[in-house]
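Build the full structure now, drawing on both the sequences and the hints.
One line per chain: the protein sequences are A and B, in this order.
Those letters in the first sequence? Residues 1 to 157, per the numbering used here, in order.
Those letters in the second sequence? Residues 1001 to 1174, per the numbering used here, in order.
Everything labelled a hint here was simulated from the structure, so no lab data went into it.
Predicted model, so just to flag it, every value in this text is computed and none were measured.
There's no promise every hint is true.
[Stated by the list, open to error] Calculated lysine-lysine pairs in the DSSO-like style (CA-CA distance at most 27 angstroms, straight line):
1. A:Lys26 with A:Lys13
2. B:Lys1127 with B:Lys1112
3. A:Lys66 with B:Lys1092
4. B:Lys1115 with A:Lys26
5. A:Lys22 with B:Lys1050
6. B:Lys1127 with B:Lys1078
Each chain, written out:
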Amino acid sequence: MVLIPTGQEYRVKRLELKKTLKEYHKYSNFHDETAEKLKDMQGTNRHIIDAFDATFNPKRFEQQHKKFFTSLHISKISYDGVENGFAIYEVNTTSFLNSPKSFYDFLDAVNKTDWVVGVRFPIDFKRDAEMIKSSFTMKVYANNKDKNLTASVSLAK
Amino acid sequence: MKYSYIKPRKKSVLTQEFQLLITFFTITILMLFMTYSFLLYKNYAFEKDKAVRENNIVQLQKSLEIMKHDISFIETQKALSEKVYTQNTVLKDSISNLFDLVPSRITLSEAKLLKNGLILYGITPSKDVYNFMLHAPLRSIFNKTYSSFYPAENGWFRFVSTNYVDDEELSVED
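In structure tokens:
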């Protein structure tokens, strides 16, 4: 009398476990696929991820890019708000350069730098003897958690 | 006095048949009990295993949510960075085109590139040279173009060229 309901319960529980295991394997496979996809994306976009994570360092930026200019001066860093969930910092820059070609090379190099930097209008080119004095604004994009940027003034010549 | 010729044998309650019967029932009950115990154990094991797997599923779901969020975040980062890099490249081409636009006979002293326009300061040998060689291409690019001239010391003309595009065009480009 006791065996029959227990046996039925056994069958029901075994079936339930099978269903749960099937569901678990489905999730497990999807989890593995998603993990693989994430890993691939992290590998492919490592430079971009690191660039958004990096705190903008004006001195390092100057060191990396002063070769394009006779002089490069980053004068001000200020928080400029949030765009699409990313913090934007505005950097005012003045520089002297020999030819427009140097500025083109600088713009190419900015796309490969350690931060996500966009050069923005207004851009002013002014003849100064045999040099071109340029002043422009750059916008540095970073993950929103990054609030560690501090205003600093530095000069690289 | 004897009433029988045979010797009476001892009789016991536990006869051989009865012992056999008892053994049979004992084994049967034992087997039933073992089966019952097995079923109870398996039911318990199934329950436990199911609870563990369900817990694993919940953990996997949480991990999946985090990974999906990470993937979405990387996609957003990638889209934004590509937009910024493209804008830099477009800017480079725009500046290059601007300087290519200026003929060798006209010398620029200053160029201000604005979001919606361009202001050029320079010197030209004559108004005609400016009008034919610089003003005409500027007019084809910008919606509003204004020019003013000031005589220079050597007989040439200093000029200020102010050029703007309509805000509607800018919003379409954005």
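Indices of hints not satisfied (ascending):
Numbers 4, 6 - these are the hints that the structure violates, sorted from lowest upward.
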